[in-house]
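S.K.: Below, each chain spelled out in residue letters.
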Amino acid sequence: MERPLTQHINFNRTSLNLKDYVSVGGYQAVHKALKSMAPQDVTKMVQEADLKGRGGAGFNTGMKWSFVPMNEVGQIKYLIANADEMEPGTFKDRMLLEGNPHQLIEGMIVSAFAIQANISYVFLRWAYKKAAWLIEHAIAEAYAAGYLGKNILGSRFNLEMHLHTGIGRYMCGEETALLNALEGKRATPRAKPPFPQVSGLFGKPTIVNNVETLSNIPHIINNGPDWFKALSLTSDAGTKLYGISGKVNKPGLWELPMGTTIRELIEEHAGGMKKGFKFRGALPGGASTDFLVEEHLDVKMDYKSVSAAGSRLGTGTMIILDDHTCPVGFVHNLEHFFAQESCGWCTPCREGLPWTERILLSIENGEGRMEDLDLLEMHTHHLGPGNTFCALAPGAMEPLQSGLKYFREDFEKHINEKKCPWR
Amino acid sequence: MLSKEEIRSIDHEIALVPVRRAACIEALKIVQHHRGWISDESLHAIAAHMEMSAEELDSVATFYNLIFRKPVGRNIILLCDSISCYVMGYEKIYEHLQTLLHIKFGETTPDYRFTLLPNPCLGSCDHAPTLMINQDTYRDLTNEKLDDILKEYK
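As they're listed, the protein sequences go chains E and B. Oh and the first sequence: position 382 is 382 in our numbering, straight run, nothing missing. Oh and the second sequence: position 9 is 9 in our numbering, straight run, nothing missing.
The shape of chain E in the complex, shown without the other chains (with noise of 0.2 Å):
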């Protein structure tokens, strides 16, 4: 089995530097790339090797490149890699981060050539202060080889690229936030259209791209777009960072098939549930996701496969909820999250989220009412598609819509016994 993406990372020993990665390859792509392919070939190849985003939206990469206009001669665009892992339960950005920031600079060099960028930005969430220090110094060494900077090996392709650590809130993962937030703004997001390939940082077109999506990019020029798809079990092309976390005997992040089944994700590679604890359900791809139970084990993990089944991928790293764990006070602590990191923006994000908290804490402490179920219901509408700003309070909706459509009877009980059963 293949695993491109982690193949060269041992975190028995310090991650790859500059040396190591060309020895085993690195930098292919930089060269095939700028010396031999026009821009408009390798976004068309990202295209065709249907590479989906892996920040959670899944929009084709290729396809959104595709959009940011090639005509003009010497206009300013810029690249930004996205990693502001904040989704909670997600930590698989990190290990990329960590283990390979050279593979990220170059699937950044590429990406950037291939839409024309001049400037990128590494958009770093500041708790990851390991990863800072490796891509500062992995930026360094690259410009020292000339990868960065002026005339990249001779091509008259110019790159600079800037590491930018955040200072808090998950709205600047959105990546219009994001671009608010790198022009020293508060991070709300923005209206589209525009879209960022069109009018993005300083209003100049530009790519947000996630780091899983960027470190797949050199693979995909050095292999082809059918290797890249004969490497998934479905027809989601590629491998997928996989992580669990919660009850399980060894939770972690595996490279694996796009399509393995969340069956086997739990039972072969995180060890099966603790002894004495059972599985309940799972928010299959973060915190804003729906979930699913136990009927759907066997679904694939993959786009199409999790979708079908009333949920997201998302950013395919699990939390996994147990028979010792409330359901109430879980998807309470959801909203907690939520009702925080809303931006404010818009009303019913704004005022909806911190109603809904506040409901389910009522309910968690024994003191709800059946009508509050109602009112809960109520919000997954309100706040649900279209009806707001952003996709946030959507988000937020997934794991509460599906929590009150799986776990019902809790949320009775703590009603009807004036308490939680769990405590």
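If you're looking for bench data, these hints aren't it; they were derived computationally from the structure. The hints are all genuine.
Here are a few chain E residues that face chain B, going by a calculated C-beta distance under 7 Å: (1) Glu85; (2) Pro88; (3) Lys129; (4) Arg169; (5) Ser245; (6) Pro251; (7) Leu334; (8) Phe337.
Using N, Cα and C, we set each Cβ at its ideal position, and we do this for glycine too.
On the provided structure of chain E, position chain B as indicated by the hints.
M.R.: Chain B alone, transformed into the frame defined by chain E:
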């Protein structure tokens, strides 16, 4: 008043961006690095240097949770209170911290040794519960481990 060193660092950041105010978050980070927090006085000084109104800069400063607009202790404890740490029992760690330090979330010990804050997901979910103190991350926390960890911070 900003120090010469602060101004030098801020001007370095300003030179990297096409619009002066785009460096205002970096400016807040730089001043907080030197002074520990952003007082009203610091805020006004930075705003003047960035050619922004103090209100505009404050709207940015108060948006981000790691810019401190109140004095904080010498060591900042950020305890993850998100979902994986919830499942793995961060609440017990929080209780233990309260017993040891006699402070709750948002508070600072009277000797300014520690400030305790909740923090969303720290990206170490496979080793929950987890917390950060200053630059350091601690994983797979237990109450016993916590006793030893805190001794490292004076």
